[in-house]
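J.: Below are the chains, spelled out letter by letter.
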Amino acid sequence: AQSVTQLGSHVSVSEGALVLLRCNYSSSVPPYLFWYVQYPNQGLQLLLKYTTGATLVKGINGFEAEFKKSETSFHLTKPSAHMSDAAEYFCAVSEEGRGAQKLVFGQGTRLTINP
Amino acid sequence: DAGVIQSPRHEVTEMGQEVTLRCKPISGHNSLFWYRQTMMRGLELLIYFNNNVPIDDSGMPEDRFSAKMPNASFSTLKIQPSEPRDSAVYFCASSLKGAVTEAFFGQGTRLTVV
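Chains D and Y supply the protein sequences, listed in that same order. The working numbering applies: residue 1 is where the first sequence begins, and numbers increase by one. The working numbering applies: residue 1001 is where the second sequence begins, and numbers increase by one.
So that you can see chain D by itself, here it is in the shape it has in the complex (with noise of 0.2 Å):
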């Protein structure tokens, strides 16, 4: 089975610099690997995904993540973090199941953005 591990379950960054969130996967078959991102009382909502092709994968709000097969990772970065930033953050891995396709996902990890 397809599993993910995000390294770090808080992240605490200053307003302008790098943020940078880990995940690494398991899978047997070439993944298809997601970035969730959750703000307080809300649901999940996309910023990013990777199915085939480029392994530079851009999203939205200016994040941005890179498939490397090499290191079984998928780790989402923004140059520049902004205090809106702030919520939880979840990568995910889709596991083909019986008709359907389903996501598994890390533990998240909470950023945290410094005035």
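Check before you lean on any hint, since a few could be wrong.
Distance condition first, Cα-Cα at most 30 Å in a straight line; then the derived DSS-like pairs of lysine-lysine [claimed, not checked]:
id, chain 1, residue 1, chain 2, residue 2
1, Y, 1097, D, 69
2, Y, 1068, D, 58
3, D, 49, Y, 1097
Derived Cβ-Cβ restraints for the label pairs, each shown as a range [said to hold, decoys possible]:
id, chain 1, residue 1, chain 2, residue 2, range
4, Y, 1054, D, 115, 45 to 53 Å
5, D, 107, Y, 1052, 29 to 37 Å
6, Y, 1017, D, 54, 50 to 58 Å
7, D, 1, Y, 1061, 13 to 21 Å
Bear in mind the hints are in silico, worked out from the structure with no lab data behind them. Nothing here was measured: the structure is a model prediction, and the numbers come from that model. All C-beta atoms, glycine included, are put in the ideal place defined by N, C-alpha and C.
On the provided structure of chain D, position chain Y as indicated by the hints.
T.: Chain Y only, in chain D's frame:
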């Protein structure tokens, strides 16, 4: 489209009572998922449906939990009897089977069992 709609947004109930959570998926989506989110266990997939048929319920914690999808536009998750350890946020999500698509999540139902 209004997105995935869940009701109620908040539910407080006493231990032993029956609780029913409701979900309306996005029109046209044919896969529906129920997730539970807690601080200790993160996001857990409870059950998912494809074309209204339950495919995998291995994540359902106990027989006290049951889920139904009587038609393409409605699903319920029922807990009977409820216990304090069931307190969590329950999310419903839907997606379109076939191409690799993301799951769209509802706002969640925050359940508190006292």
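J.: Next step is simple, just say for each hint if it's right about the structure.
T.: Quick rundown of the hints versus the structure:
1. Between residue 1097(Y) and residue 69(D) the alpha-carbon distance is near 25 Å, which keeps this suggested pair within the 30 Å criterion.
2. Taking the CA atoms of residue 1068(Y) and residue 58(D), the gap is about 37 Å. The hint is violated against a cut of 30 Å.
3. Taken as a hint, the residue 49(D) and residue 1097(Y) pair is honoured in the structure, with Cα atoms around 16 Å apart against an allowance of 30 Å.
4. Our hint of 45 to 53 Å for residue 1054(Y) and residue 115(D) holds, since their Cβ atoms are close to 48 Å apart.
5. Distance hint check for residue 107(D) and residue 1052(Y): the Cβ-Cβ separation is about 31 Å, which falls inside the suggested range of 29 to 37 Å.
6. With their beta carbons about 51 Å apart, residue 1017(Y) and residue 54(D) fall inside the hinted range of 50 to 58 Å.
7. Checked against the hint of 13 to 21 Å, the C-beta distance between residue 1(D) and residue 1061(Y) comes to roughly 18 Å, which is consistent with it.
Hint 2 from the earlier list is the only one contradicted by this structure; the remaining hints agree with it.
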